[in-house]
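Q: Start from the sequences and build out the full structure, keeping to the hints where you can.
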Amino acid sequence: MAGIVTEPWSVAENGNASMTAKGSSRELRLGRTAHSMSSSSLRKKSDLRVIQKVPYKGLKDFLSNLQEVILGTKLAILFPAIPAAIICTYCGVSQPWIFGLSLLGLTPLAERVSFLTEQLAFYTGPTLGGLLNATCGNATELIIAILALTNNKVAVVKYSLLGSILSNLLLVLGTSLFCGGIANIRREQRFDRKQADVNFFLLLMGFLCHLLPLLVEYLANGKTSAAVLSDMQLSISRGFSIVMLISYIAYLVFQLWTHRQLFDAQDQEDEYDDDVEQETAVISFWSGFVWLVGMTLVIALLSEYVVATIEEASDKWNLSVSFISIILLPIVGNAAEHAGAVIFAFKNKLDISLGVALGSATQIGLFVVPLTIVVAWILGINMDLNFGLLETGCLAVSIIITAFTLQDGSSHYMKGLVLLLCYFIIAICFFVDKLPQSEEFSHLK
Amino acid sequence: MGSIVEPWAIAENGNANATAKGLSRELRHGRTAHNMSSSSLRKKSDLRLIQKVPCKTLKNILSNLQEVILGTKLTLLFLAIPLAILANSYHYARPLIFGLSLIGLTPLAERVSFLTEQLAFYTGPTVGGLLNATCGNATELIIAILALANNKVAVVKYSLLGSILSNLLLVLGTSLFFGGIANIRRQQRFDRKQADVNFFLLLMGLLCHLLPLLLKYAATGEASTSMINKMSLSLSRTSSIVMLVAYIAYLIFQLWTHRQFFEAQEDDDDDAYDDEVTVEETPVIGFWSGFAWLVGMTIVIALLSEYVVATIEDASDSWGLSVSFISIILLPIVGNAAEHAGAIIFAFKNKLDISLGVALGSATQISLFVVPLSVIVAWILGIKMDLNFNILETSSLALAIIITAFTLQDGTSHYMKGLVLLLCYVIIAACFFVDQIPQHQPNGIDVGLQPMNNLGEVFSA
Chain C
1 MAGIVTEPWS
11 VAENGNASMT
21 AKGSSRELRL
31 GRTAHSMSSS
41 SLRKKSDLRV
51 IQKVPYKGLK
61 DFLSNLQEVI
71 LGTKLAILFP
81 AIPAAIICTY
91 CGVSQPWIFG
101 LSLLGLTPLA
111 ERVSFLTEQL
121 AFYTGPTLGG
131 LLNATCGNAT
141 ELIIAILALT
151 NNKVAVVKYS
161 LLGSILSNLL
171 LVLGTSLFCG
181 GIANIRREQR
191 FDRKQADVNF
201 FLLLMGFLCH
211 LLPLLVEYLA
221 NGKTSAAVLS
231 DMQLSISRGF
241 SIVMLISYIA
251 YLVFQLWTHR
261 QLFDAQDQED
271 EYDDDVEQET
281 AVISFWSGFV
291 WLVGMTLVIA
301 LLSEYVVATI
311 EEASDKWNLS
321 VSFISIILLP
331 IVGNAAEHAG
341 AVIFAFKNKL
351 DISLGVALGS
361 ATQIGLFVVP
371 LTIVVAWILG
381 INMDLNFGLL
391 ETGCLAVSII
401 ITAFTLQDGS
411 SHYMKGLVLL
421 LCYFIIAICF
431 FVDKLPQSEE
441 FSHLK
Chain V
1 MGSIVEPWAI
11 AENGNANATA
21 KGLSRELRHG
31 RTAHNMSSSS
41 LRKKSDLRLI
51 QKVPCKTLKN
61 ILSNLQEVIL
71 GTKLTLLFLA
81 IPLAILANSY
91 HYARPLIFGL
101 SLIGLTPLAE
111 RVSFLTEQLA
121 FYTGPTVGGL
131 LNATCGNATE
141 LIIAILALAN
151 NKVAVVKYSL
161 LGSILSNLLL
171 VLGTSLFFGG
181 IANIRRQQRF
191 DRKQADVNFF
201 LLLMGLLCHL
211 LPLLLKYAAT
221 GEASTSMINK
231 MSLSLSRTSS
241 IVMLVAYIAY
251 LIFQLWTHRQ
261 FFEAQEDDDD
271 DAYDDEVTVE
281 ETPVIGFWSG
291 FAWLVGMTIV
301 IALLSEYVVA
311 TIEDASDSWG
321 LSVSFISIIL
331 LPIVGNAAEH
341 AGAIIFAFKN
351 KLDISLGVAL
361 GSATQISLFV
371 VPLSVIVAWI
381 LGIKMDLNFN
391 ILETSSLALA
401 IIITAFTLQD
411 GTSHYMKGLV
421 LLLCYVIIAA
431 CFFVDQIPQH
441 QPNGIDVGLQ
451 PMNNLGEVFS
461 A
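In order, the protein sequences belong to chains C and V. In terms of the working numbering, the first sequence opens at residue 1 and continues consecutively. In terms of the working numbering, the second sequence opens at residue 1 and continues consecutively.
Calculated from the structure, these hints are not laboratory results. Please read these numbers as outputs of a predicted model, since none were measured by experiment.
In silico negatives: residues of chain C with every beta carbon more than 12 Å from chain V:
#, residue
1, N151
2, L229
3, L297
Simulated crosslink set (DSS-like; lysine-lysine; CA at most 30 Å straight-line):
#, chain 1, residue 1, chain 2, residue 2
4, C, K194, V, K193
5, V, K349, V, K193
6, C, K347, V, K193
7, C, K434, V, K384
8, C, K434, V, K230
9, C, K316, V, K230
Which bits of chain V does chain C cover? Going by a derived footprint, with three or more residues having C-beta under 8 Å, they are:
#, segment
10, 195-203
11, 235-241
12, 244-255
The beta carbon of each residue, even a glycine, is placed where N, CA and C say it ideally should be.
A: What follows is the structure in structure tokens.
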């Protein structure tokens with residue numbers, strides 16, 4: 001298997017051998033986005049010594065492959081949750097347990113999928129790799145959304161997608177800026193706001209697409225029937241979704257082709273420039289591909305459990321479904337990226353943290369949401385872009401606060417703290433929002 | 001007790017307390033923009049008469065008295081205080097008591113600010129800053145708590161909202177406008193980092209007001225009114241705690257870790273005075289006398305606020321103005337008059353950082369400290385006050401914050417910016433002026449009119 005040159009810096013970083021400043025730009029040239037770089041901070045250097053002792057070569061390769069993929073992350077301890085969840089389902093253990101275990105199992109899987117996409121990017125070249133990363137980067141959210149749709153739980157879909165956007169904008173960004181600000185309290189932290197700006201005007205466009213169907217609902221003066229209004233909301237939502245997908249494709253063209261330079265991480269802390277590191281893939285293309293497919297299937301399975309057991313868990317734990325979908329699910333799905341963003345903020349590489357958080361938010365806002373609506377359209381389910389007054393209000397204020405906070409290109413811990421507290425307030429709002437289930441559905445549909 | 005007088009200081013009507021160099025030294029003593037702006041209303045004490053009094057103790061008492069009572073241009077208004085007390089004892093017309101109390105509050109607010117600044121000399125910069133941050137809005141805080149004690153939740157909400165609006169639009173608008181006119185040939189710059197910190201704190205406060213409002217609208221018809229009120233109340237109370245945490249973090253940020261953001265700009269233009277002898281910054285009254293005066297003045301403020309809160313409805317009926325208009329527009333103008341004047345004076349001198357510090361700092365303090373503190377005090381007293389300020393008020397707040405944030409985001413200023421902010425304030429005032437909806441009748445779309453119901457009970461009692 002590929003040897004990895006270790007440097008003092010990477011050893012200090014708990015064995016993460018994949019990152020140097022120069023390597024960063026080289027990685028970007030290989031199509032690794034901020035996403036993969038942040039997740040890679042959770043990787044462990046593979047300890048290949050035990051396997052070297054195995055005599056048979058094919059078996060050796062197979063075992064190294066296994067070790068690299070399964071054990072190559074600090075989150076490996078959460079992997080046992082997957083078989084535990086599967087066993088619980090077959091043994092008929094109480095549903096809240098299945099829910100909890102599935103959530104735990106999803107966390108390392110999301111990280112591994114990101115790792116695999118990054119490995120595949122070595123073989124496919126930068127552009128395709130970037131595309132792959134952009135699509136698979138939010139595989140968990142996409143799969144949960146589509147599965148919930150097929151079970152006709154439109155409210156869960158809407159809440160979980162909204163929660164992902166809020167979590168990326170406020171929670172991930174807030175903790176990164178806060179921890180980064182505390183760690184670098186004597187230094188001025190700067191970042192390039194051009195990249196942040198691109199994300200923000202796309203998010204604002206997405207917000208417009210959510211706002212208009214919501215306002216249509218208030219057009220009723222008693223003169224228009226509810227059915228006509230729903231039809232209107234549905235048709236404009238579907239039209240908007242197509243527009244949003246077009247803008248997402250344009251964003252990909254912009255990010256990966258014509259204006260790459262805006263998205264390259266800043267070259268900072270260049271004392272590592274002299275330590276050249278060879279960036280090679282650690283697993284082969286086909287094995288990576290096979291693993292990717294396999295992991296996606298397991299994600300689909302666990303998501304199926306999550307979607308099926310969410311109401312039971314909500315009743316048992318005495319939390320509303322909206323709270324679980326908006327707050328808990330995204331925290332789980334985003335855990336790996338979250339940790340990565342915080343680590344990069346500690347090292348004063350704010351561009352990467354911002355790239356992760358804002359990039360995810362844009363992807364979900366402009367890709368996953370409209371894709372879900374199109375899929376619902378195909379399946380004949382009536383899902384529109386009206387996410388409810390409270391939810392849309394939260395989205396609006398989050399985008400505005402975050403955009404305002406980041407507009408001067410510098411950061412300090414106070415900014416992170418305010419974003420974090422805003423997330424906390426929104427979480428409390430949905431926590432006290434104990435509207436019974438049936439009424440939630442009626443006011444959302 | 002002596003102050004060295006400079007030509008510039010005399011030109012400024014005897015205000016001997018502020019020079020460019022002295023400013024940074026004042027800051028090191030923990031004086032914030034608040035103090036500096038109020039100090040512009042101070043008069044140089046004329047100690048010659050007192051020197052003639054033979055007995056030393058009597059002389060000290062008299063100088064102390066003169067320094068504190070007569071040391072401001074607003075001294076004339078002090079007469080209103082005994083008049084208000086007299087009017088109350090003899091049961092004169094209640095609108096008259098209201099008016100006199102309002103007038104009496106104005107110099108008191110300024111004197112409290114002066115006293116806090118004097119105390120700051122003794123306590124050091126950090127505690128001084130803290131003291132200033134807390135006492136800077138003593139008037140608003142006391143009026144709010146007294147109104148709560150009388151169960152007039154609507155008055156509390158309106159007056160606090162009005163304070164924020166007044167600071168953001170009125171004080172800032174007039175400062176920028178007059179400063180722009182006076183410095184029409186010069187470019188006026190300020191450091192936007194300080195303004196930014198205030199703005200995202202204000203936006204967070206806006207979020208806390210917006211969520212209970214949206215919760216009520218979203219849940220209307222879906223759940224019972226009492227349940228909606230319960231949810232809104234728990235959300236408001238928890239949000240208040242979060243807001244107070246943010247305020248404490250803001251104080252740490254402002255007074256400890258990132259002081260440099262908040263120090264006034266060293267203005268190059270007026271540095272002609274740098275070479276002249278600088279003024280020795282010493283307090284003019286002793287610590288304990290300052291402390292005693294502070295306590296005494298706070299008690300008088302409480303007394304006058306009691307009159308104000310008790311007579312507000314009668315004044316409203318008698319003068320033909322709605323209680324909301326009086327609470328949102330009149331009360332804050334009175335409470336803020338001293339800071340307002342100071343902010344304008346500093347804008348004239350092209351020291352925009354100080355004007356901004358005053359206006360935005362006040363707005364942040366009220367939004368993130370006085371409002372959540374009132375909610376918590378109401379919680380302790382068992383009164384149901386939530387953060388839902390109703391749609392008209394919340395929208396005014398949102399637009400005021402957004403307009404002001406946008407106006408200040410490029411770090412420069414001219415008179416047009418001030419004029420626009422001022423006109424926005426006039427528009428909002430006009431809106432509440434015509435809002436003659438009687439207090440005890442609920443608005444069409446307002447669900448869960450806890451404050452309105454309480455007020456209705458007060459009327460019917």
